[in-house]
Amino acid sequence: MDQLIQILVDGLGRGSIYALLALGIAVIFGVMHLLNFAHGALITVSGYVAYWAFISGLSWYVIAPLVVLAAVATSLAVEQVAFRWVRGASDFTLLLTSFGVHFIVEAIFLMYVSASVKNFNRPGWISNTFSVGSASIEVFDAVVIGVTLVTLVLTAALLQRTMFGLSLRAAAEDFDTARLMGVKSDRVIRGAFALSGVLAGVAAIFWLMRAGQTTPGAGVTPMLKGVLAALIGGLGSLRGAVLGGFVLGVAEVALRSRLPDNIASLTDGVVFVLIALLFIFRPQGLISVSHAERV
Amino acid sequence: MLKGSDLIRDPARDVGFPLGAAAVQFGVLVLGGLVYTAIVGGSAERLVTAMMIDAIMVIGIQIYVGNTGVLSFGHIGFGAIAGYAFAVLAIAPQRKGTVIRNAPWGLDEVQLHPALAVGVALVVALIAAAIVGVGLARSGTKSGSVSATVITLALLFVTHEIAINWTDLTGGDRAGLSFSIGATLDSRIPVYLTLFGAIVVARLFAQSRSGRLAKAAREDNLAARAMGVNPQVQQMIALLISVAVVTLAASLRVYEIGNITPKFFFFQYTLLTLVMLIVGGRNGVTGALVGVVVITAGRELTRKLASDGYEVFGVGLDGAPADWIFREGLSDIFLGGAMLGFMVFRPNGLLDDWELDEWFRRRFGAKAEAQPGPLSEIEAPEPLQLEVADVTVQFGGFRALSGASVVADNSEIVGLIGPNGAGKTTLLNVVTGLVQPTEGSVKLGSVDLTNAASHELARNGLVRTFQNLRLFSSLTVRENVEVASRVAAAHRVKRRRPDVDSLIAEAGLWEHRNRRARELDYGNSRRLELARAAAMSPSFLLLDEPTSGMSDAESAEMIEQVRHMAATVGAGVLVIDHDLNFITGISDRIYVLDQGRMIAVGSPDSIQADPLVRAAYLGSGPED
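Heads up: the protein sequence lines correspond to chains A and B, in order.
Residue 131 in this note's numbering is what sits at position 131 of the first sequence, and the numbering runs on without skipping anything.
Quick note: to get this note's numbering, add 1000 to the position in the second sequence (first position is 1).
Since the hints were made in silico from the structure, they are not lab data.
Hints are not guaranteed to be accurate.
To be verified - Subject to a maximum C-alpha distance of 30 Å in a straight line, what follows is the list of computed BS3-like cross-link-like pairs (lysine-lysine):
hint : chain 1 : residue 1 : chain 2 : residue 2
1    : B       : LYS1304   : A       : LYS118
2    : B       : LYS1443   : B       : LYS1494
3    : A       : LYS118    : B       : LYS1443
4    : B       : LYS1304   : B       : LYS1263
Remember, it's a predicted structure, so these values are computed and weren't measured experimentally.
Put together the whole structure using the sequences plus the hints.
Pasting the structure below:
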């Protein structure tokens, strides 16, 4: 029982970060039908901003908002420089464009910083634990889950209660019709990238706190987890993306604690195989979004 | 069963010219390599060999990506599987002892001849490909599928994870399998032979029955299924052939470098090979080869610039600006930039689907083709009845059809009219398997086809056209018709199969036969769709608003064309339209559908006189 609670909390903590990443990816998929392989670039840029802030002697309380700002700025910049030129292009083109952006960001850091690992200190409280009954819970997990829930509630409010949210949901439903109804496509797309940046920024704070380091290729893993979580949840569904993130996090932690020692290091591989099985039996993901083809 | 003449329609076009062109392409690559080596010196030899191996890899990827239109990040993952299988099997036991002492299944004791090791690697990689292929098929993969791309990306990561963590087998991240099996690749002959083979295989596949059907599904998945193509089978065939070529490339790459580590077959190499494919043009083999050369040259140049900087030009580019550009990482920027630039400005690459052999054929092989004469009509086809009984279709809370029935003989033309939203297209979708009926049945003769898959229905002779035109737009007019004719050759065996060129001539498209379908005007597109459907030797032609968007004169002409095509292949016709003049002009009998129910059936005259029909049809909404 205690072990179960521990796995659950640990998994939800991990899953929170995935959920934020996946939601950011789903928001952009909604308005542009772009599966953004460059989403990890936001984490990479944030990582270096955190590193520079850290060596300038700033504390995590200052670094955190800087990280979010950096992610938003990068997200908007990438939209301006790359994605706006391929709006409405085929899925094939969109996928490869984001793949190209991912590599260019990586190469820029390779060129102008270095390929070596840049370390920074994690906050002191990160490995503290507290007890609930006899289960010991990491403070970090509790903080991550708490902040993520607040972020998700605020995002939901933004999407449900504001004009921008309504336009974004309308655009996600049917972009062309939304445009005919007077939704400003430019504004919605830029808003979606900004929102996606905020979500990635919050995720980046926790990702970096846990990692304590960054490299030019640091964005690959968070990108992959986010993309997989979005796919598990059902591409195009915002709720599905969040759900997919939590499912992926809990599955990883549960597997890591359950698998025999000699294959525990292959957890990620096993998770991928499970995801493949999910797709064989439920190709549309957990929450299906119908994209009926008109004939 | 398929006869030889059905597998290879045109020996010169499908085999002769591709072989000749492959020899030329191969010769140019080899000669270019020799000349470059002669100029630059021995150091260039490795670069040239590496380029040849990259070319094999890129062609392997092109076979899948080009013909199916599915973007795969996973082929380098298959390369990793093959590369490790090859390395583990081909390394001498005493070398393995230092790296993988505890290899499972006693593999540390095994050493195979390199050629045999490649064979085993091939089997292992093909098994992996078959498993992934089933997953891709299950997830409904089609051209541009986003989820398919993510699945292939996941495969790349799984293989990388395994390569890093299964240290007993792979030696893990750092060691790399040191490779010494007497010698590393000491001759370029195997590389050359494989390269030539890869070019030939890729072109022959593209021209083959399977390649053409895969390309049709790439252009329009739904229309391909409606023409009896099962896209998933063709995608699987393309995947297996493509992975076989990738396996050879991966083994050669390992052999040539002399060792393998997890990062050999990961993101960086995926980017490199994809950029090569994209820049040249993913839809063609010639494009892929050009991309390999261009990107290899560009990368080599940027590398030299990065390491030697301004010295390359020998002029005074000294100082800060040059330092900021010519530094390590420049070649990565070049690759990423090439990818982005081409996606924005030229997504189909330098050459798109231009092929050398097709150019040769146009240039040297063109003989005057005589326009074929008219096709004779079949007087009395064997009687067959299409019976749609009590079909109900429920979409959530909306009932699109309630208990609608239609009976049609293959000797007659049956019209189906009704106002917008009456359920006409839904009925046609039920008959062609695009919509599953909630209740009711579809029978052709004595065969129950309710709930059959779209391509099964088409193979049984229920062949449709589409209201909003679904041609295979980048294929030529002739290729469009040929796809249907090839399916008919396999599945409509007992039927008379009209000649492709004669059908094109009958449709008035003879002079356009070598143009791409997307270049046709509206009326010609409609006529091509009809000819393509007729080439399936259907039992019933199901036409969804064949005159929409046509002028009155063109509509009148269409009536004659539909009658003649149907009689030529001995098919009955079920035609939907809301143009009352067209329907009464063409039909022997007419059904009237209103709000999902059949409200009348009868001859054109009686339908026009029926007060109920007039009220429902003319009263319930304006025509558009």
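Item to complete: Could you tell me which of the hints above the structure violates, numbers in ascending order?
Response: Hint 3 is the one this structure does not satisfy, whereas the remaining hints hold.
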